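A.B. asks: The hints should help you fit chain B onto chain A, whose structure is shown.
Quick note, the sequences are listed as chains A and B, same order.
The opening residue of the first sequence carries number 1 in my numbering; numbering runs sequentially from there.
The opening residue of the second sequence carries number 1001 in my numbering; numbering runs sequentially from there.
Since the hints were derived computationally from the structure, they do not count as laboratory data.
Each statement offered as a hint is correct.
Pairwise CB distance ranges, derived in the manner of DEER restraints: (1) B:SER1028 - A:ALA2: 37 to 43 Å; (2) B:GLY1041 - A:MET27: 17 to 23 Å; (3) B:ASN1027 - A:GLU102: 17 to 23 Å; (4) B:MET1054 - A:THR15: 47 to 53 Å.
Only some residues are given here: those of chain A computed to face chain B with a beta carbon under 8 Å: (5) MET41; (6) GLY42; (7) LEU43; (8) PHE90; (9) TYR101; (10) GLY106; (11) GLY108.
Lysine-lysine pairs mimicking DSS-like chemistry, simulated, CA-CA at most 30 Å apart: (12) A:LYS57 - B:LYS1068; (13) B:LYS1071 - A:LYS57; (14) B:LYS1042 - A:LYS9; (15) A:LYS57 - B:LYS1042; (16) B:LYS1042 - A:LYS14.
Given the structure is predicted, the values throughout are model-derived calculations rather than measurements.
Using N, Cα and C, we set each Cβ at its ideal position, and we do this for glycine too.
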Amino acid sequence: NAGVTQTPKFQVLKTGQSMTLQCAQDMNHNSMYWYRQDPGMGLRLIYYSASEGTTDKGEVPNGYNVSRLNKREFSLRLESAAPSQTSVYFCASSERGQGVYEQYFGPGTRLTVT
Amino acid sequence: GESVGLHLPTLSVQEGDNSIINCAYSNSASDYFIWYKQESGKGPQFIIDIRSNMDKRQGQRVTVLLNKTVKHLSLQIAATQPGDSAVYFCAEMGIWGQNFVFGPGTRLSVLP
Chain A
1 NAGVTQTPKF QVLKTGQSMT LQCAQDMNHN SMYWYRQDPG MGLRLIYYSA
51 SEGTTDKGEV PNGYNVSRLN KREFSLRLES AAPSQTSVYF CASSERGQGV
101 YEQYFGPGTR LTVT
Chain B
1001 GESVGLHLPT LSVQEGDNSI INCAYSNSAS DYFIWYKQES GKGPQFIIDI
1051 RSNMDKRQGQ RVTVLLNKTV KHLSLQIAAT QPGDSAVYFC AEMGIWGQNF
1101 VFGPGTRLSV LP
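For reference, chain A alone in the conformation it holds in the complex (with noise of 0.2 Å):
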């Protein structure tokens, strides 16, 4: 049982480039979500999936897309990368059991765009 695995933990884009960051999750989880993690910001919602087939937009979604392809999996796509996407970015899987929203949280992919 791996939980959240996100991939690839690293990577450097110049700007303009485009690249999609991956997220599974095998806890059988309904909803999925993107955060990002700025310096002294916090987490921020860009995007969640309440379930299979649905996606909305969170907090930050300007400049990325998503897709649910399938329960497991979540994807983030930064179309035309700029400098102020440059960021920890986490994705997190939940489920609610008993009034508890608790949220499962992969490991991160640092993001660097120059």
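C.D. replies: For chain B alone, coordinates are given in the frame of chain A:
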């Protein structure tokens, strides 16, 4: 808009002492809160949660206190250990009901 913030960005405590990490939130309609611990290079990890119909909840060496009157949350760690060194985030249930609004975090350093 809603926001979650912390009073102290850094906290240093002696090993064995108790730690108290504070958090203020602004959305009085929030009814669920979680404390997360994040160690260097890792994703956040759930510590303890509390619903708005409770004032206090205890776990193993941790206690969360909720004061709805002043919209304040605190995390108490008893007998702080070196392994408790990390960044601690509070988070409140957001307006979408599916995600959380995170505060900026407090770094806890445990001194030998």
